[in-house]
Amino acid sequence: MRNCVSPLLFAWTKHLRLREFKIPFPNRLVVRSLNQLSVHHEKVTGCRPRQASSDELHKYSKSASNEAFLSSFAENQLFHKCLPSSAGAVLSENDLMYIIRKVSEVYADNKTEKVTVPFDKHKNPFLIYVKKRFAECFDKNPDLCLIVYSKLEVETLAKITPIWINVAKKNKKEDFLVELCLRFLERFRSCNLTEQAILYQNFRENWWSNIKLPQNLKSLYVELCLVYHFHNSHLGMDSSTVSNLKRFCFSESLGHIFAPLRFQNQQLPLQHVYAFLFSIAYRDNQVDTAHFLYKQWSRAGMGPLPKDAFIKFVQLLSKNRNWVLMRDIVQLEEYNSYLLDHRIVSAFLKPLSEKGNYKDILSLISVWQHSVWRPSLAYLQVVYSFSMRALLVNRQYSSAFAFFWKIDPYIRNERLVSQMLQAASQLHYHDLILYVINTYYSGNIMKNLGNKDLICITQSSPPCNISGIKPGSLKLSPTTNTVLAKSICYWLNDAMALLFLLENQLNCKHSLFQRKSLIILLNGILNCPHSSYDLQFRAVSLLTGRIRLNVDFEVSVLASQLVFFVKHRDFKRTLITMKAISKLQKNFDVRIWNYWLVALIQQKLYSRAVKVYSKLICSSAVRNDTTRSLIRLIPKSYFKSYPLLKESETEKKTNSAL
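Residue 658 is where the sequence shown ends in the UniProt record's numbering, and the numbering goes up by one at each step.
Derived from the structure by calculation, the hints contain no laboratory data.
Don't take each hint at face value.
[Unchecked claim] Simulated crosslink set (SDA-like; lysine to any residue; CA at most 20 angstroms straight-line):
1) K516 - S532
2) K509 - Q459
3) K604 - S620
4) K447 - Y490
5) K295 - Q215
6) K470 - Q459
7) K447 - Q426
8) K102 - W207
9) K579 - L616
10) K132 - D95
11) K307 - Y282
12) K173 - W207
13) K486 - L616
14) K406 - Q459
Hey, can you work out the whole structure from these sequences and the hints?
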C-alpha cells in the first residue's frame with residue numbers, strides 16, 4: 001500500500017507547485033513526460049499500454065493551453081483593460097484579433113474534445129464575458145470590427161461568424177448585421193473551392209432567414225449557394241439550405257408558410273432542388289425568379305436544365321404568353337430531347353391557340369417535324385390533336401376548322417375528324433356534319449334513324465371530301481354522337497319529327513344515341529318555336545320513365561323537366577319534380593336552384609323558398625346575381641326563423657351596387 005500511495009502523493013504535490021496548470025493531473029498513472037502518456041493502463045484494462053501518437057499529444061497540449069486560458073482569463077491584463085467599470089477603454093485592432101482567435105480555438109476544441117472548463121453557451125463565464133465585449137465593440141466601434149473581420153483567416157472567419165451574428169441579433173444591430181452578411185458573402189465569392197468548402201457550413205445556418213436582408217443580398221446568397229453546388233455537383237443540399245433558398249427566392253407577401261423542410265436526413269441533389277424551386281415559381285406565377293434561376297444555371301455551364309425544371313419554366317412562360325423567350329429556348333439544340341414531352345407541346349401551343357393563329361402553329365410543328373423530332377406518325381397525330389383541342393378550348397372555332405384542312409391527309413384520323421365536327425357544329429355547318437357522319441362513319445346511320453329528310457340531305461351533292469379517310473371506316477364516338485344530335489335538332493327544327501325520332505330510339509334495343517344525345521333531343525323538342533304543350537309534355541314523359549338508368553342522366557332529365565314546367569306555369573307538376581330533385585340536390589348547379597326558387601316565389605311559397613335558399617348556401621353551388629335578385633323578392637319577415645340567412649354585409653354591398 002505504501003509503495004502505491006507515496007509516488008501518488010509526490011506527483012500530486014509536484015502538480016500543485018506549478019503556477020500555471022497547463023497540464024491537468026493524469027488519472028491513474030503518474031508519468032514524467034508526455035511521451036509516456038498511455039491511453040489504456042495495464043492494471044486497469046488488462047491490456048498492454050499503448051503509447052500516445054503525435055496527433056493525440058498535440059490535441060492534449062492544445063486543449064490544456066486553452067484550459068489554462070479559460071481558467072485565468074479574468075486575471076489577464078487584456079480583459080482587465082476592457083471591463084465595464086473601466087470607462088473609456090477601447091479595444092485596439094490587435095486586442096480584438098487576439099480575442100477572436102482565442103475564441104475560435106476554444107470553440108473548435110470544445111466541439112472535438114472534452115475540456116475541463118465546459119464551453120456552454122449559457123453557463124460559461126468566458127463566453128458570456130466575450131459576448132459582452134463584442135456587443136460593446138459593435139456599439140462603439142463597428143468599423144474596427146468590420147476591418148478586423150475582413151482580415152481574418154478563413155477557418156477563423158467560419159468559426160467567429162455565427163457568434164458575431166448571434167451577438168448582433170441579440171443587441172438588435174440590424175445595420176451591422178446586414179454589413180456583416182455582405183462582408184461574408186463577398187469573402188466567400190473571392191475564395192477558392194477549398195476555402196469555400198470551409199465557409200459553406202455557415203450557409204446552412206437558420207439565422208440567414210431570420211435577418212431582414214435587402215433584396216440584393218438575398219440574390220447574392222442564392223447566386224453563391226447555387227454556384228457552389230454547380231462546382232460541387234456531387235454534394236447534395238440539406239433541408240435548411242433549401243429552406244433559405246425558398247425564402248430568398250420568393251417573397252413572404254405571397255402568403256408563403258415557410259415551414260422547415262425535412263428530407264428524412266437525406267441530401268437533395270441540385271436537379272431536384274431546381275425542380276422544387278421552379279414548381280413554386282410556376283405556382284406563384286413568378287416569371288422573374290424563374291428567369292433568374294435559368295440564367296444562373298446557364299452561366300454556370302451546367303448544360304441543359306433538368307427536365308422537370310424546364311417543363312415548369314416553359315409552362316410558366318406559356319401562362320404569361322412570353323412567346324419571344326419560348327421561341328429562343330426552343331431553338332437551343334440542348335433541349336431537343338425535351339420537346340417530345342406532351343407537356344412541352346401543350347405549353348407551346350397555348351399562347352398561339354388563344355390568338356387563333358393556326359398558321360404559326362403549323363409553322364412551329366413543321367420546324368419541329370423536320371429539325372427536332374423525326375417523329376412517328378402516331379406522335380404527329382397526337383401533336384395535331386393537341387393543337388385542335390387547344391383551339392377549341394379557346395373558342396377559336398374558325399381557326400380550328402381551317403387548321404384541320406391544312407393537315408396532311410396521311411396524318412388525319414378519327415380523333416381529328418371528331419374535333420373538326422365539333423368546330424363545324426359551333427359554326428353551324430350542319431349539312432356538312434350530316435354528310436361527313438353518313439359518309440365516313442360505319443353503320444348506315446341515317447337509314448337507321450328512319451327520317452326521309454335526313455336521307456335526302458346526305459344523298460345531295462357532297463359539300464366536301466376528306467382525303468386520307470376511307471368511307472365507312474370511322475366509329476361513332478360520344479363526342480360525335482352529341483354533335484350529330486345537335487345537328488339533327490337544328491336541321492329538322494320540327495318538334496313532331498324530333499319526338500318521333502326520340503320514340504324510335506327509346507324503343508330500339510340498340511339505340512344509336514347515348515344518354516347525353518337523348519337530353520339534347522329532349523331540349524330540342526322543348527325549345528322548338530312551333531311546338532305544343534302536349535308534344536313537349538309527351539317528350540318529358542318519355543324520358544321520365546328511363547331516369548333510373550343513371551344518376552347523371554336522372555339529374556339532366558329532371559332539370560329539363562323543371563325548366564319546362566316552370567316556363568308553362570304548371571306548378572303542380574313543378575312541385576312533383578322538385579320533390580324528385582330534392583333527393584339529388586347535391587348534384588345540380590345554381591341554374592336549377594334558381595328555377596326552383598322562381599317556381600316557389602311565383603306560388604308565394606316564401607317559407608319554402610327560404611328553406612331552399614338555406615340548402616343552396618350549404619351546397620357546393622355558387623350564388624349569382626339572379627339568385628340575389630330572387631331573394632330580394634322574398635319579404636324580410638320570412639327570414640326571422642333563419643337569422644343566419646339575413647343579408648350579410650357583403651350581400652348589402654352587392655345589393656347597393658346593383
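Could you check the structure against the hints above and give me the numbers of any it violates, in ascending order? 1, 2, 3, 7, 8, 13, 14
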